[in-house]
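Asks: Residue numbers (our numbering), protein chains in the order written: chain G, 1 to 135; chain Z, 1 to 241.
If you are wondering where the hints come from, they were derived from the structure by calculation, not from laboratory data. Watch out, some of these pointers could steer you wrong.
[Stated by the list, open to error] If you only want the chain G side, here are some residues facing chain Z, beta carbon under 8 Å, derived: (1) Arg44; (2) Arg63; (3) Pro104.
[Stated by the list, open to error] List time: in silico PhoX-like cross-link candidates among lysine-lysine, alpha-carbon distance up to 25 Å: (4) Lys99(G) to Lys165(Z); (5) Lys107(Z) to Lys165(Z); (6) Lys99(G) to Lys107(Z); (7) Lys131(G) to Lys120(G); (8) Lys167(Z) to Lys99(G); (9) Lys124(G) to Lys165(Z); (10) Lys167(Z) to Lys148(Z).
[Claimed, not checked] Derived DEER-like restraints, expressed as beta-carbon distance ranges: (11) Pro155(Z) to Ser35(G): 47 to 53 Å; (12) Lys120(G) to Glu151(Z): 45 to 51 Å; (13) Met156(Z) to Ala33(G): 45 to 51 Å; (14) Arg63(G) to Ser46(Z): 40 to 46 Å; (15) Asp178(Z) to Lys99(G): 26 to 32 Å; (16) Thr115(Z) to Asp112(G): 33 to 39 Å; (17) Ala66(G) to Met156(Z): 38 to 44 Å; (18) Ser123(Z) to Pro36(G): 48 to 54 Å; (19) Ala127(G) to Ala35(Z): 58 to 64 Å; (20) Ala66(G) to Glu238(Z): 18 to 24 Å.
Glycine is no exception: its CB is placed at the ideal position from the N, C-alpha and C atoms.
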Amino acid sequence: MSTRAGQGRFAIAVLLLSLLWAPLAAPVHADDAVSPRAAELLYRTYCIQCHGLHGTGSGINVRDMAVQPRDHTDSEAMSGLNDERLFKAIREGGPAVTKSVLMPPWGGVLSDPEIHALVKYLRKLCACEEKRGPG
Amino acid sequence: MRRDFAMLRSLPLALWLALAVVTGTAAPTLAADDAGGALLTERCASCHNLTGPATTTVEGIRARKGPDLFYAGDKFRAEWLEGWLQKPARIRPAGAFYGDHIKATDKWDVVDESTLAAHPSLSAADARLSAAALMQRHAGRERLQGVKVEEVSLPMFMGDMLFDKFKGCIACHQSGRDYGGLSGPELYTAAERLRPEFMYSYMQNPQAWDPRIWMPNMHLAAEDLNKLVTYLQMIAGEEEQ
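From just these sequences and the hints, can you work out the full model?
Replies: Put into structure tokens, the structure is as follows:
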């Protein structure tokens, strides 16, 4: 009897643990923990084509663009954009934040944790914090 | 008993081989396949992934020296491939990984030509063998099943608008010589190089072909995919005219 009760408790514990684990097991492209170094590598793979080697918005693609990419080193402009908005712009593209279609949605190749890490990297580039407000 | 059955099962193969040797039909084909495969391994494998699977890491795509070729038969038009291998011209203005071939200037980043190597050119015979061997590679066949490109009527200016303004393809791709972005392959030659079904499927979901590629999934509807394939066919060859 006691063995059976023990087995029952064990089963419940396994079930609870698996429920806890479920969100972590959801398909993402990379580990949840994205290091600052990995974020920089992502930036230097996906972002510099338009935002430039120095993040100033002057990448190899900009010459014929109708709208110039954002300068990520512009502290004043970047501090006016909150993290949520930056995340949305990266994940869903410019039109999701009423900006240009030339900023495409990266949600198909970057995981949410990677995009969060990129937002942190942008804060490092601009050496600025988000201002409180609508963004 | 079991051995007898085994012999019976292999009989058709033995007969076929005997017949092939007698008539001389199979030998050249087999030899050509072997020679083509050997040529790919010898000349191409150091820069191209010939066997798959595609890399799934950022480090992997950054390290790539040339496009993956394990689905070449699903991707290329055979006649173009054979010609290009004899007279290769750069397709990716900034190389296979653009990040390794750019430099900053006062104005904007530019392609650092000094870091780009030319693709080796092959003799006509080697090009024929290589192209034939490449066209046997169909790792992406399943993805093309069910892809049906529909011809649409599209005025050129609407195609330009779609490519430039509405979908922003121009950001990374050239739609004419010296017009457009440089981090992706030039697209005014795309329809000469690529099968229409491949263009459709790749634009629909680039990461299905290449999980970490720096081309985003633009979530294009079937109508727009058909229009873009049509547009790429319209602009192909314009530069030569």
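Asks: Would you list, in rising numerical order, the hints stated earlier that this structure does not obey?
Replies: Per hint list: 9, 14 and 17 violated.
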